[in-house]
Amino acid sequence: MVQPATNVALSHSAHDHDACIADALSRADALCRQQGLRLTAIRRRVLELIWANHQPTKAYDLLAQINAERGNAAPPTVYRALDFLLEAGLIHKIESQNAFIGCAVDHERNQPKFFICRTCGRAAEIQSSQIDDVIASEAEEAGFVVDHQTIEVDGLCAACAASTKS
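Those letters in the sequence shown? Residues -19 to 146, per the numbering used here, in order.
Take the hints with a grain of salt, since some may be wrong.
Derived DSBU-like pairs (lysine-lysine); straight-line CA-CA distance at most 35 Å [claimed, not checked]: (1) 38 with 145; (2) 73 with 38; (3) 73 with 145.
To be clear, the hints were calculated from the coordinates, so they are not data collected in a lab. Bear in mind the structure is a predicted one, so any value in this text is a computation, not a measurement.
Kindly generate the complete structure, drawing on both the sequences and the hints.
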């Protein structure tokens, strides 16, 4: 069954967003300790800003926020932080928007997939081993070696779909 990684990402329901961010940062700290990686202050702040909402965030929006807080950060500073966070598996790139979203899923086996609401912009990572199995099977049958896959499903979240029916 396909399940959103976090029910609140597309539901618009109230949740303790501070706890959501704190949990993401705590998981990042633990993962970096476990893998011997350094979560510097700027990397941590970029991650925190990405988790600040459930919408994909563009690099230059992150840069503007960091410059508002800290002064004179250059684009390479943000891009290096994003590269680190991507490599560590702490964020994903939403290819269709050239934007980034926090990773809420353990990807030992599954590749990231997203539902993206075209009205409100919210995005949710979904898990489905069946989708991964079909892609792997089809690739094997075709003799195709998959290097990278991106699955982004655009549509309407429940709240936006309901409001269009009104």
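These are the hints, each one checked on the structure:
1. 38 with 145: holds, 31 Å
2. 73 with 38: holds, 9 Å
3. 73 with 145: Cα-Cα ~31 Å, so holds.
In summary, this structure violates none of the numbered hints.
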